[in-house]
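**Student:** All chains should be built: construct the whole structure from the sequences, respecting the hints.
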Amino acid sequence: MRLRLKTELPDRNDLFVFGGYCLAAAVYIAIGVAYVDFLLSFWVGLGYLLLVAWLVPAVVRRVA
Amino acid sequence: MSWAAHDLEPYAIQRHVKLKLAFVPLLLGSYSPDMMTKWFVYGIHIGPWDLKATDPAKFHRGWPGFGFTHSFVYGIAIALIIWKVFDSKLWGISFLVGQFAHAITDTGDTVGTMLLFPWTFHFHLDAWAYAGQTGRMTDAAAYFSGLGSMWDAVWIVYGLFSWRVLTSRYFDDYIYRADAFWPFLNRAVPRGALLTLYRAAFFYGTSRWIAWTIWAHVIHHYPYDLSWGGPHWVPAAHP
Numbered sequence: 004m005r006l007r008l009k010t011e012l013p014d015r016n017d018l019f020v021f022g023g024y025c026l027a028a029a030v031y032i033a034i035g036v037a038y039v040d041f042l043l044s045f046w047v048g049l050g051y052l053l054l055v056a057w058l059v060p061a062v063v064r065r066v067a
Numbered sequence: 008m009s010w011a012a013h014d015l016e017p018y019a020i021q022r023h024v025k026l027k028l029a030f031v032p033l034l035l036g037s038y039s040p041d042m043m044t045k046w047f048v049y050g051i052h053i054g055p056w057d058l059k060a061t062d063p064a065k066f067h068r069g070w071p072g073f074g075f076t077h078s079f080v081y082g083i084a085i086a087l088i089i090w091k092v093f094d095s096k097l098w099g100i101s102f103l104v105g106q107f108a109h110a111i112t113d114t115g116d117t118v119g120t121m122l123l124f125p126w127t128f129h130f131h132l133d134a135w136a137y138a139g140q141t142g143r144m145t146d147a148a149a150y151f152s153g154l155g156s157m158w159d160a161v162w163i164v165y166g167l168f169s170w171r172v173l174t175s176r177y178f179d180d181y182i183y184r185a186d187a188f189w190p191f192l193n194r195a196v197p198r199g200a201l202l203t204l205y206r207a208a209f210f211y212g213t214s215r216w217i218a219w220t221i222w223a224h225v226i227h228h229y230p231y232d233l234s235w236g237g238p239h240w241v242p243a244a245h246p
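In order, the protein sequence lines correspond to chains W and D. In this text, residue positions in the first sequence follow my numbering: the first is 4, and each later residue adds one. In this text, residue positions in the second sequence follow my numbering: the first is 8, and each later residue adds one.
These aren't lab readings, by the way, just hints derived from the structure by calculation. Keep in mind it's a predicted model, so treat the numbers as computed, not measured. Just so you know, even glycine gets a beta-carbon here, dropped at the ideal spot from N, CA and C. Some hints could be false.
[As the list claims (entries may be wrong)] Derived coverage of chain W by chain D (criterion: at least 3 residues anywhere in the stretch with Cβ under 8 Å from a Cβ of chain D; other residues may be distant): (1) 11-25; (2) 29-37; (3) 45-51.
**Tutor:** Structure below.
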């Protein structure tokens, strides 16, 4: 009997979403390094993420 | 103290438990020991007043002080209250697991935690320096120069390795189904926003880890010291 390791890899959609979050993270990190107060609050981070990862894409989809 | 591990650990735990725990109380449990005390450890300005603990390490982790928030008995007490108030064993146990993870993780520094409070012995591995008493910025610089930061990195890598936990499929199949909180919230909040909320702590922990590392080592050039108990350029607090 031959055993094969099966590695599940992310599909194209997963990678697209991951890329979007990486872009959002890059902007967050840039702002945070410049103004460290931006990094201190979880609620600021949550608000930022809701804005860039949900609200803006939702508005763009609706407009498009 | 840890700067990102408490954001990231719940995702690693979630990977192994699937439907057996609820994510929101797990995350709340992970945040709970520091929720009410961090601001007073670092100090704040309110108008003409400067408010700060005279002995931040003792206030944060000791007794007399709020060190009992990092003990098992505190986690059990709050979990029982949650169980009774919300009539949810799932929420109580999930909170308990998150709080235990926090209390155990914080034994890694030089002050440690009173895990078995009311026994006031501090369990501490001394792997990285506790420097909360030096103020937020020096503490950040020290933390992101020592083994504490590497411990956070382990959780980031483990989280990325467990990438399925962060997918929308996993959210639908396990997170949403495990806890009535999500369907309840879904009455007013769209599913896309819920998914973003679920991912937020991982995003926050990872992004913050990268940002503080850049701040400490690219902008300010603090030296790395990955020796046990380091960095030794900062005065570490002890119990």
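**Student:** For every hint, state whether the structure bears it out.
**Tutor:** Outcome of the hint check:
{"no.": "1", "hint": "11-25", "in the structure": "holds (count 6)"}
{"no.": "2", "hint": "29-37", "in the structure": "holds (count 4)"}
{"no.": "3", "hint": "45-51", "in the structure": "holds (count 3)"}
Violated hints: none; the structure is consistent with every hint.
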